[in-house]
Amino acid sequence: MRLFKLICVCTGIILVSCKKDKIEDLPNTPVDFFQNGVLVVNEGLFQQNNSSLSWVDFTTDEVNGEIFEQKANRQLGDTGNDIGRYGSKIYVVVNVSSTIEVLDATSGNPVKQINMLSNGVPKQPRFAEFIDGKVFVSCFDGYVDVIDTTSLEVIQRIPVGANPDGIHLANNRLYVANSGGLSYPDVDSTLSVIDPFSMTEVSRIVVGKNPQRVISDANGNIYVITQTGLNTLNSQLVKVNPQTLEVDAVYNWMVNRMERIGTNLLLYISSSGSSSIQLFDPQSGTIVNPDFIDASLFTTFYGAQYDAARNQIYCFDAMSYVNSGYIRIFSSNGTHIKNIQVGLNPSKLLIYE
Amino acid sequence: MFRFLSTVAFGLFSSLYGFSQLEEPMPKELKEMEVTVARINRYYVDSLHVYISSQDIEALQPDDLGELLKKLPGVNVKSYGGLGGLKTVSIRGLGGQHTNFVMDGFSQTQTQTGQVNLGQIQLDNIESVVVQRGGASELTIPASAQLSGNTIVLESFQAKTPGIPLQQKLYTKFGSFGQVDHHYIGKTGGKKVFGGVFLKYRQAHGRYPFRFMNYQTEISGIRNNNDYTDINGGGNLRYQPNKDHQFNFYFQHMEAQQGVPGAVVLYNDFAEQRLNTTNTQVKADYKGKVRFMSYRFHYAMMADSLFYLDPAYLNNAGELRASYRNKTHDFGVSLGTTIRERLHLNMGVQEVYSKLRSVESLTASPERFHLYSFAKATYSASRWSAVAQLGFQHVKELNKNGEYAPNRTRMNPYAEYRYHFSEKIALIGYYRNSFRMPNFNELYYNNIGNTDLKPEDAHQIALTSSWTIIDYNKIYFGIQAGAYYHQVKNMILTIPTKNLFVWSIQNVGRNEVKGADIIGSFSWNFAKNWSTQLTANYTYQQSLDVSDKNSPSYKHQVAYNPLHVVNADITLNYKRLGVRLSSFHSSERYVLNQNIPSNLIDGFTTCDLSVFNKFQLDSNNSIRLQITIKNITDESYAFVKNYIMPGRHYLFTFIYAFI
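Going down the list, the sequences are from chains D and C. Numbering-wise, this note's numbering comes out as the position in the first sequence, counting from 1, plus 1. Numbering-wise, this note's numbering comes out as the position in the second sequence, counting from 1, plus 335.
It should be emphasised that the hints constitute simulated quantities derived from the structure, not laboratory data. Just so it is clear, CB atoms sit at the ideal spot from N, CA and C, and this is done for glycine as well. Treat each hint with caution, since some may be false.
To be verified - Covered stretches of chain D, as calculated for chain C (at least 3 residues, CB under 8 Å):
no.	region
1	97-106
2	137-143
3	148-162
4	178-189
5	199-208
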């Protein structure tokens, strides 16, 4: 019996040492309509069906991490990739589920789920832009789909390059980065230029291997991040002249993410040993502040968005991709204001005044 | 009759007696213990090991080894569902690649992934499965298994000398989801020479209905692209001219074709990926004895091929093809001797050469030379025994097409002490240090492989006791209880590095495992022709992520490690008619290391019911009929999130045996 007492004591010690603090989830207080806050899309993880929307109320600083579920009585799906507002509707692009969720922009109530399938095969939608009563969605199967915002039907498919990824509207043109990432190492290297009114591709520019994200500066110049490897940190920032449709400049700065902040561009530059969040002046083509935001505040920098009305910057921290992410809020001069915990892998948000 | 009634039982064999056909010299005291084992039949609990017999396997009718192992304490199975689908085990918190599977004395090596798919190890042909928790001195346990974190030993029907000149078994099964399974096993000969053959064919369309909670609404669907077909055949030959010499030869070939259903993805049920695999094994060994020395030489060649096709992949070719060929040559020698009856010495050396090739999907051409060696001393007194072992391993890598991992050299100690308070109460404690090498995928997979990866190190301290409480002619009750503390360092994890689609593999994890398990077994012949048996086990296992103090998941329970697992089986027999109810419970688990409610998935309980009868036609001929209802409560559950397992389903089994 002494033997079993010994085992029981050992087991008891283990059980006692197992006790840990209970972890509370977000309060998820229901919301009737969106005002004074941001609506965040959290990508979740591949094949986990755990993409979500988080509503952050700036009046109370409360977060509702299951706002989509409460409104739609179902889950968002797998790997939400983009969110945008056009007119009275919100469009959420869900990549692996291959859907576009259309919601009322004020209440968040569901309007329609658009299944993005082509002959039964998922199109894998990535990003969306809006103009002329239409949504233009880059789809990884080599097309930009055009959705009529009234009928909410796909009315045209515009063929572009391989695995189109980032899409950006500037100068009444759509610029689409043809990544070709799924054919690595034979990746694409072009940027498609689409006339959104005729819904046709008007030009295709060679910008460098594996183009991904596209933005523009205040003068309409186009900036593309290209990358020559998958796991190497040899990425570039490429500037394209919108008039000549030629590459104007290439900056070999290992740019990983970028966002327009007023007349400047915020660049997240990551090399093997260090990372920094810098401010780039497109006019002069120089870095005007190499430590604009303290990168050490981030575990995994995952993008940024500028709120012109509040004059503040929302930066996403993906927290190693497997922990709840954060919105880290900074003033327009890069001073840290506060952190707000949201869902898994936050990557984009909509701003509500 | 008692043998027929068995369910999950405790280890019959101590580390010094058990599986070798040629019995080694062994200490006098432990030979006496063997007599005790025979007297009280099979429920003696003096062992570190956990044992499952062929009778248990027949009664449970598991689809594969993975489904069987989940019934054991401390074993955590990750199943992706479906016949032939991927199943892996973690034993007492160590990852699946820390477990070495030994079949008839040969390690089942798979260097590409580092672990065997238990979904492709079928059990009709298996006589016993033993989960070893301490050391083993049998010559049939090769050096690689002596040095691994955990060892599971399987013994096949073919490997045992036939009791009569011709022994045959014929299995035919029909089940839900189009499952058809035919298996013939035969062996003939005598003690000097015998040979055996087996041939197995099984298939299933695999389209099973499932239910799934989408927020607060239950939805249903059909699992698509889940078909499976395999054919598996082989033979063996044994020549044993006298009791001191034995030669064995084995050949086996398996081919499987299956759909890959993937996870259940909301709003997108498209799945067309295919997977074809083959496995060929040629194995031979020679066991001999010269005076006080026993020895064994073995050689094994194992060749695996894998072909994956995604016909709708969105690349320039419009499809993704990936094929791999993995080949292993395994040589080894083991020695054992006893000095002055009390001191038993073992040593072994094994060299495993592996290479991986791929035409279209792997730039690297990796090769590995892995040397395993160990020396062990066991000292046995009347009431106690002590074991000390030192292992030495050296790993050399080559890659003709690029960088390769540096050489690795390790010394791994093992120490064990056991004490018999009486014939019925025993205590065993051990410490083991082991590691597992990064597999070829982790080192060389295009774009994400990392040749700088270090081996994953494990330290295990365990204490196990057994107590035979009641042991009379008609009633038996025994328990076994254990507690353990493990540390795993330099854990190899695949993590996204740039975004969710760009991953890399790094040594970033560290786990701390504290656990305890208890097994109870009760059997009772309560009336003439009537008997019952109850076995139950409970595992408590805390497996904590202690990788980074600043991480939100620091000291959180590691993903997919349930805190509580319970198994309970009850069997009722009247003559040769039996009914068995087998239940399994897993507590809730987290799908990621961060223990927050949104990462929590529900626990579940499943129950299987079997009714069987054996018709003894004459002294050698018998027919067994069985119906098994699996998941009788139609529980919707998943081991891995979004890989939903089948609801209630049926299996009809016919076994003709001439043995």
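(Q) Name the hints, by number, that the structure is in violation of. (A) 3, 5
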